Each structure stands twice: as structure tokens, then as C-alpha cells.
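Enquirer: Chains A and B supply the protein sequences, listed in that same order.
At position 301 of the first sequence the residue is numbered 301 (the working numbering), and the sequence of numbers has no breaks.
At position 254 of the second sequence the residue is numbered 254 (the working numbering), and the sequence of numbers has no breaks.
Please keep in mind that the hints were generated in silico from the structure rather than gathered at the bench.
If you want the ones that stay clear, here's a sample from chain B, every Cβ over 10 Å from chain A, calculated:
hint: 1; residue: L16
hint: 2; residue: N21
hint: 3; residue: G94
hint: 4; residue: T167
If you anchor each label on the Cβ, the simulated ranges turn out as follows:
hint: 5; chain 1: B; residue 1: A47; chain 2: A; residue 2: E279; range: 35 to 43 Å
hint: 6; chain 1: A; residue 1: D165; chain 2: B; residue 2: F75; range: 27 to 35 Å
hint: 7; chain 1: A; residue 1: L162; chain 2: B; residue 2: A47; range: 22 to 30 Å
hint: 8; chain 1: B; residue 1: L303; chain 2: A; residue 2: I209; range: 37 to 45 Å
hint: 9; chain 1: A; residue 1: F79; chain 2: B; residue 2: A40; range: 43 to 51 Å
hint: 10; chain 1: B; residue 1: A47; chain 2: A; residue 2: A206; range: 31 to 39 Å
hint: 11; chain 1: B; residue 1: R129; chain 2: A; residue 2: A206; range: 34 to 42 Å
hint: 12; chain 1: B; residue 1: P222; chain 2: A; residue 2: P114; range: 17 to 25 Å
In this text the structure is predicted, and so the values were computed from the model without any measurement.
Note that the Cβ used here is the ideal one computed from N, Cα and C, for glycine as well.
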Amino acid sequence: MTNQTTSLPLNKPRFPGFSRWWRHLTAYVFVLPYLLVMLAFGLGPGLYALLLSFADFSSGLPSYFAAGFSNYLAVFKDFRFSFTFVNIGEFLVISVPLGIAMVVILAILLQMRPGPLTTALRTLYFVSGAVTGPVLVLVAIFMLDPSISPFQALLHGMGFQLTNDVIYAGSLPVIFTLVGFFSGAGLWIAIQYGALEAIPTEVLEAATIDGANAWQQALLIKFPLIRPYIIYQFILIFAGNVQLFVEPQILGGGNNLGVGANVPAVWSPNQLAYNFAFEMGNFGAASALSLILLAIGLGAAYLIIHWTGFFNIEN
Amino acid sequence: MSKMNVQYPDSHPALLQGWRNFWKKTANDTGILGFGLRWAVLLLFAAYFLVPLLWLVLATSKSAPQLLELKPLAFGSFQRIQEAWQRIIEYQDGEVLLWILNSVRYAIWALVLSLVASIPAGYILAVARFPGRRLLLWLTLITMLLPPSALVLPMFMELNLFHLINTQWAVILPSAFFPFGTYLTYIYYASSLPPELLDAARVDGCSEAQLFWHIALPLATPVLGLLAFINFTTNWNNFFGPYVLLNDDRLFNLPVGIQQFVAATSALRPGFNPSPGIMVGYQQAEAALFGLIMVVPVAIVFLFAQRYVIGGAFTGSVKG
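Can you build the whole structure from these sequences, using the hints too?
Expert: Dropping the structure here:
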């Protein structure tokens, strides 16, 4: 046995040091393109933002390290700071738990007893994901216009007559939740559906023999088993929703669309960062605010990963 | 004779048996109440997802007055669709065609560059051990959580240093960074490529490049399909990047183009007094048709890609 393996010349390198060096070099060649784009478009801009957040822009050009913490102070002191963070907080509190709960419920209901009709429904939910960005906002404006909306009976019933009755600063958290669910839920339903499909049949058969009905199986077996995917969804949805920009930017005041008269031009923190940079020319404050948003997303992800022992990347 | 033709359910043995089986299964499994509840929820959400899509398609066939007068889900006329198409094509001397081409070009460049960068990296992270490997994995995880919009402002400053603002490369190059692709490829190979297979090929004299090209890559079709889908749709819909990094409207992609079209014309509010500088004569049908131009190609991709999402390529990516 041992004789056989040692007789293979390839397993016995003549220059062990050279061979290891050569293997490492090969590995670096494979990761080099990725490393370059990561440095250029991931880590690089992140670190540059850190540098800019301490730079002074009062002369128009950055003087690095001149600002100290004044950019961060400028952000905190801005009269829109607390307004935008309260807005995004309301949006997160509504959209994240509701979105995740509905996605999981729909995935479980679909997968409970699969058939041609549930496949068709799942495809319908999924294809709505093709509507995103500006087109999604466009569709939302049409759906929320009581004069032309297919949901006009509902809107009239709630006492709305004009689009501007429906779309105002206070209603945006609910509107963005509905709109985001329309576009984003299908993909997550499909992912959770895939996770449910991956549950070994022996587990479910054993539960059936033990007398668990379909509802008990869903609640007591399927739900705990797809928990990692739910955490995964939470992390990505939270990090994404904190950064909300496109929807309030297009829907907001001063957009010439004839809607959004009751919506302030700066509603979300990311819009405030954009406003600092491109309206006020204060790139330092814009970078500071971007980093605060980044820290919130990372912080939430870290807490969740820490609490749940999730992301065990080294097997 | 006529009596013979009347078939009550309970007089037809096969039908009766089927009916009994159906209720037996339903009642045993979900209960009759549960059965009703399940379908009520599923169909309610079907309406939630279907009605706006249907409305968008039908809106292209209606004039502004018809939108107000006809039922919301009624059809107008084919002639109106053709008119809307004509108006869109004529908008700013056919700029929409340019935007379609730009969108296709940006998305394909991004797809090729990001897969070339991320697939070999994910593969080697899974099969080789080398200094810096763990660091690279952790950086991938961290950057994966950063939505691109957070980096757009510093990216603007960085691209400005290299005079790339307002060129197509300002959109294409940043999209080459696709940490999710590297991460998913890594997980896929780490969990489903047996090291013995690679060792055997090495004994047969395969070089590392040949191993990757002839053995690892053909095995990764499901994960490649999933990554291509996610990458293509993300870049096709990319709004924030081009919105900030481009100001020449001939370089716009469809998302930014649509935003500009809707903001510059009367398309959303045809009946109202326009603000100065707004182009009049455009109606909702044009806006709806414009939206469909952007949505339909992605919807087709979605139809084909669903099996990759459900197929379990994600299954390896999360460990409980």
C-alpha cells in the first residue's frame, strides 16, 4: 500500500520549496483580476471615502485631514439629518419584518402541495421582479392615481381623490414597502422555495408517520430548517433598504412629474448624501454620511451574524 | 331516455371516487379551512402581482381620455400603441435606440468582465491553500454586504481622478466587481467538487489552467446560470451609477433614459398646464410603452432563469 503511493514520482517533488512557491504563484494568477477590481471598485472607494470624510472642501479642492471631525458634525447638525433617519427608520420597521414574513408564508404555501397552478403562481410572483428602478416608480405612480388606477375602488374607498392625497411624506414608508415587495419578493420567494425543496424527504416522511399534518410540518419542521436563508434575506434586505434612493428621488418634489408635490426633495439619508455632494459641493460631508450608512448596514449584519452563528465560511 | 342522460356526481363511480380522494387528502393534509385559506392568500397575492403588469401592458393601447373613461383593465386600440411607438422613436431624434444599445453593451461588458474576474477567483479560493486566502474570503463577505450605492460618491471622485467621468467606462468598469459571484462560486466548488477528481487529473498531467478549463468550469453550469442571471438583471437595471456618473444623454442606459423622458415630457400629466421647458403632446401610453421596452427583455430572462434560482445553487451558499 505505502510502497505503491511512494512509487508515484509526481507525489514526490524534487524541490519542495519551489513546488510550493509555484502553487502559490498559480493561485495568485487566478485571483489577480478579482483582486484588482476589488481594490479599484470596492475597497479603494471605501477607503477613499474614509479619507474624504476628514477632508476640507471649503476651497473647492480637498485638503486632506484638514477637517477633523467637522464633516461628521456638519452631517449631524444638518436640519434634515434627523428627518431623513426617522423616515428610513419607519420604512425599515415596516418593510423588513413584513417583507420577510410574507415571503416565507407565500413560499411555504406554494411548496406545501406543488402542482401546475402553484408553479404558474410562483412564476407570476417571480416575473414581477423584472419591473424595477424608474419603471417601478412609474407603475407605482399609475397605481396610486385614483383617477386611472385599477385599484381605484380601493383608493376611493379610503377617501383618496388625487394622487397627491395618496403620496405624501408620511405615506412613503408604506408605499415603498408595497412597491419594494412587488419588485423584490418574487426572487426571495423562489430562493426560499428552493430551500424548502432541499429539505430531505425522509425528514418529512418521518413527520407524516408521526402524525404531523401539513401545517404542523410547515411550522415545526420546514420553518426552522430554512432559518439560515431567512437570516440571509434579512441581512441583504436590511443593507439594501437602508440605502433607499431611486424611489424617493424620482417621486420627490421638484421632479416635474406633477406628482410628489407633498413629498420633500430630500426624504432618505442617501438622498441627503447626494444633496451634500452634488447640490452643496460638500463631498466631505457626503462621504461622512455614506460611511455612517455603511456602518449601519455592516453593524446590523454583524449583530445578526454574531447572534446566530451564521456564515460559517470555513466548513 | 332523458333521465339516463342526467349524471349526478354520486351516480358516477369514478368521479365520486376522485372527489372522495380529493377531500380525504385535503382534509388529512391541510384541512378544509386551511385549504380555503391557503388559496385565498395565494390568489390575493396573484392579483397584487398580476394587475399592475396587466395594466401596464393595456395602458399602451389607450389615449389619455380613454384611460379616464374606459375600465382600468379595458383595451383601447392597436393604433394607439403604434402612435406611442412612433412618438418614442421620434423623441430626441431616436435617442431611445441609442439607449437600448447602450443598455445592451453595458450589461454584456459587465457580465463578461465580472465573470472573468470572479469565477477563477472563487474556484482557486475553494481548491487551493495560499497566504492571504482567508483575508480575501472575509473581504469578499464584507464587500458583498455593501450595496453599490454606498460607494458611488467616492467612486465619482476616484473616476474623476482618471478622467473617466461621463464615459462608458464609468459605468462598465465598476460593475466588473462582483463579490457575490466570487462567493457563490467558492461555496459551490468547496461543497461539490471532490479534490480527488483534481488530483487524478493532475496525475494524468493536467496543468492548473487545464484543470480549471476542462474539468471545473463544465461542472459549474448551474451556478454559472444563476450568476449570469443575477449579474445581467442587476446591470440592466443599474440606475444610481449611470445617473451620477454620466451627464451626456447619448451615453444613458434605459433606466436613466426613461427617468429623463418622463421628467422632460408631459407623459405622466398630459392634461395639465405644463411647466416651462416641458415637451407637450406625450401621454401615459408613451411612458408605459417605454417602461415595457425596458422590462420585457428582463422578464424573458426571468422566465428562463427561475429554475436556476430554485435549482439549489443557493442551497450550498448558506450553512445552518
